[in-house]
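Listed in order, the protein sequences are those of chains L and D. For the first sequence, the working numbering assigns the number 1 to the initial residue and increments by one for each residue that follows. For the second sequence, the working numbering assigns the number 1 to the initial residue and increments by one for each residue that follows.
FYI, nobody ran anything at the bench for these hints, they're computed from the structure. We put the CB at the ideal spot given by N, CA and C, even for glycine. Heads up, some of the hints might be wrong.
[What the hints assert, rightly or not] In silico BS3-like links for lysine-lysine, alpha-carbon gap of 30 Å or less:
1) L/Lys108 / D/Lys626
2) L/Lys86 / L/Lys163
3) D/Lys626 / L/Lys166
4) L/Lys163 / L/Lys108
5) D/Lys626 / L/Lys86
6) D/Lys492 / D/Lys409
7) D/Lys626 / L/Lys88
8) D/Lys329 / D/Lys358
9) D/Lys669 / L/Lys163
10) L/Lys166 / D/Lys329
[As the list claims (entries may be wrong)] Counterexamples of contact, computed for chain L against chain D with all Cβ distances above 10 Å:
11) Ala26
12) Glu38
13) Asn70
14) Ser74
15) Leu81
16) Glu83
17) Phe85
18) Lys86
19) Tyr92
20) Phe144
21) Asp162
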Amino acid sequence: MNDNIPQESENKDRDQDRYSKKLDNAGQYLSFTLGREEYGVDILRVQEIRSWEPVSRIPNVPAYEKGVVNLRGSIVPIIDLRERFKLKSADYTLLTVVVVLQTGDSKKLRTMGVVVDSVSDVISVDKTKIQNAPDFGTKISNEFISGLVSVNERMVMLLDVDKLLKLEDLDQNEN
Amino acid sequence: MSIDMSQFHQVFFEECFEGLEAMEAGLLNLDMGDIDSEVINTIFRGAHSIKGGSGTFGFSVVADFTHIMETLLDEMRDGRRKVTQTAVNVLLGSVDCLREMLTSIQNEQAIEEASVAKHKAALEQELNGLAKTEHSSVPAPIAISAIETTETDDLNDTEGFELNEPGWKIAFCPYLDLLKTGNDPVRMFRELAELGELTALPNIQDIPSIYELDPEECNIFWDLKVTGDIPIEEIKEIFNWVEGDCELDIQALVVQATKPAPAIKAVDPEPELEANPEPAPVILSVSIAEPMDSQVAAVKDPVKLLQTEAEQTKNVVQVASSIRVDTAKIDALINMVGEVVITQSMLGLVGENFSMDKVDLLKKGLAQLERHTRDLQQSVMNVRMLPISFVFSRFPRLVHDISSKLGKKIELKLVGENTEIDKSVVELINDPLVHLIRNSLDHGIEMPADRVAAGKPETGIIELRAYHRGGHIVIEIIDDGHGLDRKKLISKAIEKGLIEDNATLTDKQTFELIFMPGFSTAEKLTDISGRGVGMDVVRRNIEALGGNIEIASEVGKGTTIAIHLPLTLAILDGQSVAVGDETYIVPLVSIIESINITEKMLNKVAGKGETFRLRNQYIPIIRMHKIFNVQPRNTSKMAEGVIVVVEGQGVLCGLFVDDLLGQQQVVIKSLEANYRRVEGVSGATILGDGSVALILDVPGLVRFSSR
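Throw the hints in and build the complete structure from the sequences for me.
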């Protein structure tokens, strides 16, 4: 128990930090890698980061929907981002990371996990510096990418979490 | 002092719906021959509380409407009016109308003016029509209470003193604690102002200095003057709430009066004689019902109430649901939590400076913890349990309405209303039950003449019976009507092309026919039933709840429909089965048996579909690993796996799995909360080792595999 206390206050500091930054037209993103590419998601959508653990498979769903895990009593689906983006799939190792993301509005909040190679950093991005994703035509789908940004000479693709976590038939089945 | 009233709206609506239900029950219980004044009182109180509440919250449409009902009821209560069946029917209609109005207000929709006006007119007609005859024939027969007597005298004796307009002069002198009783003079003045022109002169001489002022005390008194042609009853009506909390002096300002009318004094009368004084208009409490009345009326649920409404309006927004719980249950829960905390601190003590000689103590503590946890689980589940009377209580009305519409004589018997069942089941079982009862009313029970001809009593009986049986609740709908006619069912089924011409069916299979979509034997369509939609939906709904439905019937004797439901939707008895590396849960209710067969027993249909023969019946086999795309642990040899024979929607089917693992109770978790519906899977659960197992949806699997 005691170990958590300093961390909590640190979190609070960070929250405050984050909040003040937000006011300054800046956003913070969690960046992670898939192969040699670097991606970022809005850090406010990140619930937690976990290590990979075996999932229970769901029958007859696309291959990138790996299955479901028990996350403190709720059933959370896990999506493999490499397969979702049609990259070469990699073996899961001890270092494979699951980023648990939240999507949806306050009325219906969904929690989902995405499998990535590793998380790298929390980056602060000036929102005015975000560049629109280039249009590659139909060859390469950029539907999940909300923008590009350059951090230390590296290109980071910022992902639109809501679109990313919108699974096929998901909302259709709700009705 | 302004309070945000909207925070009380939810409570107000709950109270209103409760009141309406009580009124409805009371009206249905009225026996024309022998009027029980207590019943009328109950009805009156319901109307009165709704009126008071809606006035407070500013729903004047409701208040006005209820006012007319109340006047009518008041006269019935005093014996000034005879209770007639027409009057009761008008009142029942008004109850419905009120319910619609309240629902509309609750959902912030527009009130249907036309229907309100219609019911209002009916009420007024009832009120005036009879009032006339009363005046002409019987002079007020029964002694009216003391106040009223003076009042009548006043009216007769009043000799004029010169004033320009008719009206009333009211000296209103509230006691200090008037505000604490929840009354608001301003509201009363507003009502007065609606009656006529109001002049209010506050007298503030008694107001203490600011330091001594207690804002909760009412230090002002008023001289009020209302002008207009207003009956005194209406004035008194307004002050009804504060009787006993004020000094009140009402004088008439009568044209051509010659001397001051004697005052009608209603100074602190006897403490209310009626069983129930009106509740203060703003009711703050009410999450927890007193144990006493919870026995009788326990938990009311706005959502459930709305569901019947949904039948008519189809457009009802679901409100945040709440639940009222017997305080005894809460106490038990708190008690259990206390025990758990004690055990936990005991274990904490053992854990400090642990040494091997404390192992026994630890074991004992853990055993205690286990027991307490189980008890706690049970208590928590108990909180969700409601007596089934919540569903049953609306059926007397349904039967009353429909039987009079059909011209049949039907008596409804309710048995086992106190049987408890999970709240979520209660909410979902209502519509299927309504459907089944309508069916019994319409198709089951014969017309009185036919019944007499068949040598049966004229009045048909429908019995609704609920009881527990082995972890399940059974609800039976028993009618003594003409029963299901085998021949008619079969010929109808052949006509509709549902079965082959020369099919021979067992009784059970024949009755199964009525669950087929589009099947109806009714000769004519009525607005009650006979469209042939329904029984299949009923069955689907019940199976979605994890239950099943059975029919037994004998021609000429009647029909019994039995519904078996799980006690709760949160926990399920399951059989875990292994398919490859995956574990699935098969609900125990749907399992008939598990057997081991060999390849030799397999028969192929059209080279593909596999069946095997189980006691004179060919049963299709679903290979789980195939339809779920799992690598099987065993080679797909029949002898190495197990066939679990399951029943879904009346169809038998064999699930081929690798192994049976064990039976256990599992807690059902939603897969849809974060994910989506998966075909053949009804939910998920977490196993002892923390991993997730999917719960199979047997009817879904049967459908899925037949594609």
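Check your understanding: Hints broken by the structure, by number, lowest first?
Key -> 1, 8, 10, 13, 14
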